[in-house]
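Asker: Starting from the known structure of chain A, fit chain B onto it as the hints suggest.
If you read the protein sequences in the order shown, they are chains A and B. Residues 159 to 369 (the numbering used here) are what the first sequence spells out, left to right. Residues 159 to 369 (the numbering used here) are what the second sequence spells out, left to right.
Keep in mind that the hints are not guaranteed to be accurate.
A pair holds if it fits inside one copy or across any two, identical chains being indistinguishable in the list.
[Claimed, not checked] Below are the EDC-like pairs computed for lysine to aspartate or glutamate, each with C-alpha atoms no more than 20 Å apart in a straight line:
{"#": "1", "residue 1": "Lys243", "residue 2": "Glu296"}
{"#": "2", "residue 1": "Lys322", "residue 2": "Glu348"}
{"#": "3", "residue 1": "Lys243", "residue 2": "Glu319"}
{"#": "4", "residue 1": "Lys227", "residue 2": "Glu348"}
{"#": "5", "residue 1": "Lys214", "residue 2": "Glu327"}
{"#": "6", "residue 1": "Lys243", "residue 2": "Asp358"}
{"#": "7", "residue 1": "Lys229", "residue 2": "Glu319"}
{"#": "8", "residue 1": "Lys229", "residue 2": "Asp291"}
{"#": "9", "residue 1": "Lys243", "residue 2": "Asp193"}
{"#": "10", "residue 1": "Lys214", "residue 2": "Asp354"}
{"#": "11", "residue 1": "Lys322", "residue 2": "Asp293"}
{"#": "12", "residue 1": "Lys243", "residue 2": "Glu327"}
{"#": "13", "residue 1": "Lys243", "residue 2": "Asp354"}
{"#": "14", "residue 1": "Lys322", "residue 2": "Asp270"}
Derived by calculation from the structure, the hints in this document are not laboratory data.
Number of protein chains: 2
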Amino acid sequence: METALTQAAQSNSEIEFWFEFASTYSYLSVMRIEDAAARHGVTVIWKPFLLGPIFKSLGWDSSPFLQQKAKGEYMWQDMARQCRKYGLPWTRPTTFPRRALLPLRVALIGADTPWAGEYCRRVMSLNFAADRDIDSPEAVGDVLMQLGLPAAQLIDAAQAEPTKLRLREQTSTALDRGVFGAPTFFVRGEMFWGNDRLDDALTLAAQSNRQ
Amino acid sequence: METALTQAAQSNSEIEFWFEFASTYSYLSVMRIEDAAARHGVTVIWKPFLLGPIFKSLGWDSSPFLQQKAKGEYMWQDMARQCRKYGLPWTRPTTFPRRALLPLRVALIGADTPWAGEYCRRVMSLNFAADRDIDSPEAVGDVLMQLGLPAAQLIDAAQAEPTKLRLREQTSTALDRGVFGAPTFFVRGEMFWGNDRLDDALTLAAQSNRQ
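Chain A with its partners taken away, still in its complex shape (with noise of 0.2 Å):
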């Protein structure tokens, strides 16, 4: 943590990071995208946003992963082998995709603050590692308080009409610049999508700061 941040302060480039916690493979980046981040000497702006709206946009009713079965079935025996290759942990999830809010409102209200990172990877490791639901004051509210930070008063503020519209914006300003599923990733208003491409996107990052 102290060396992304040190390295951020001294960089020039940013990724900004579109996620939604109910989404397997923002799983896979949210978990390796601050190290990579710091090992590039790239901030990582963080943004959460609602898949919801998104796929009802494209006139699905919920995620593509329910709405095309043999897709569904594929993309669960490949998490399990992405998390072996990163080394992460894995469980695949009893209920899917988790209802996630709460915590993501939580995160629009941290994303600029230093326990944004710590804060994604906890939430996101109870749904996929713990198979835990996070879409709760006390799911979210223990993630918080381990972070040493006042859960109360930050789920208060979660809940409140301003970040609740804020969140609903986002999500908007997502399917304005294109967004179509997450994870995704914009580096100089170039947009790149899913885990896959996080490796690219950060190279490209990483360029502008050696100009």
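Answerer: Coordinates of chain B only, in the frame set by chain A:
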């Protein structure tokens, strides 16, 4: 080619490569797979199939890149970047997806021959580098003649009923095995989807060589 064949003869492992000439990401894998497999001592089993019936089974009239506008726009940007990364020529085709029935039927006839790889690369280059239609006896005939093959005879065989039936059957097999897009790879029964998984699939295939 010589190297690929020699190494393949020594190996005991295979990668099944399911592809479509209309598919952009199949272009990347068709151009890369034979060299990459040779480096791993792995034999490529060429499995041409039709994406159309796969998409129809999902209730779609055409490619997901046409069904989902934002995803389609992103794909063109991503393809240009991916081709730069792999050092492949790239022209965004003026028709997409291109009909590819005839070249796929010829690919099915040639799948187990030494000319499969070079034939497929030339058809793909017509589509995605030269921006030419590929579903005509003229286009396919040109490619076959460049390879010194009996073009008229192969095209007649491709247009005969047994070949048409075999391509339909191969496509049904793809559906039965859970294929939902292209390219798709199988190694020892494990499925890998997308050009982004080619290296993982080859790594798994190469591991069985060392056992």
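Asker: Mind listing which of the numbered hints don't hold for this structure, in increasing order?
Answerer: Failing hints, ascending: 1, 2, 3, 7, 8, 10 and 12.
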